Amino acid sequence: MDGETFPIIQEKQDKINGEFCVELEKDAVERLAASLLLTSLFFSVFMLL
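With positions in the sequence shown counted from 1, the corresponding number in the working numbering is that position plus 1324.
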């Protein structure tokens, strides 16, 4: 019984972990883009002064 149900649970767990990783990657990419944008804005303002 346990041997039959375990793979299904493992599959669900892997799917959840996969989706979670994708969300983390999106978040990281957004943060990176935001920091790059802020950095470029800072430098452009700095150059104008």
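In short, the hints are calculated from the structure, not lab data.
Please note that a few of the clues may not be correct.
Stated by the list, open to error - Restraint-style ranges between C-beta atoms, simulated for each label pair: (1) Q1337 to M1371: 47 to 53 Å; (2) M1371 to D1351: 41 to 47 Å; (3) I1340 to S1364: 35 to 41 Å; (4) L1365 to C1345: 29 to 35 Å; (5) L1373 to I1333: 56 to 62 Å; (6) I1340 to L1360: 29 to 35 Å; (7) N1341 to T1363: 31 to 37 Å; (8) L1365 to E1343: 28 to 34 Å; (9) E1335 to S1359: 34 to 40 Å.
From a predicted model like this one, the values you see are computed outputs, not experimental measurements.
All C-beta atoms, glycine included, are put in the ideal place defined by N, C-alpha and C.
Now the hints, each set against the structure:
Taking the beta carbon of each, Q1337 and M1371 are about 51 Å apart, inside 47 to 53 Å as hinted. Checked against the hint of 41 to 47 Å, the pair M1371 and D1351 fails, with Cβ atoms roughly 31 Å apart. For I1340 paired with S1364, a C-beta distance near 37 Å keeps the hint of 35 to 41 Å intact. Range check, L1365 to C1345: Cβ separation about 30 Å, and the 29 to 35 Å hint holds.
At roughly 60 Å, the beta carbons of L1373 and I1333 sit within the given window of 56 to 62 Å. Between I1340 and L1360 the Cβ separation comes to about 31 Å, which falls inside the hinted range of 29 to 35 Å. For N1341 paired with T1363, a C-beta distance near 32 Å keeps the hint of 31 to 37 Å intact. Range check, L1365 to E1343: Cβ separation about 33 Å, and the 28 to 34 Å hint holds.
In this structure the hint that E1335 and S1359 lie 34 to 40 Å apart at CB holds, the actual value being about 36 Å.
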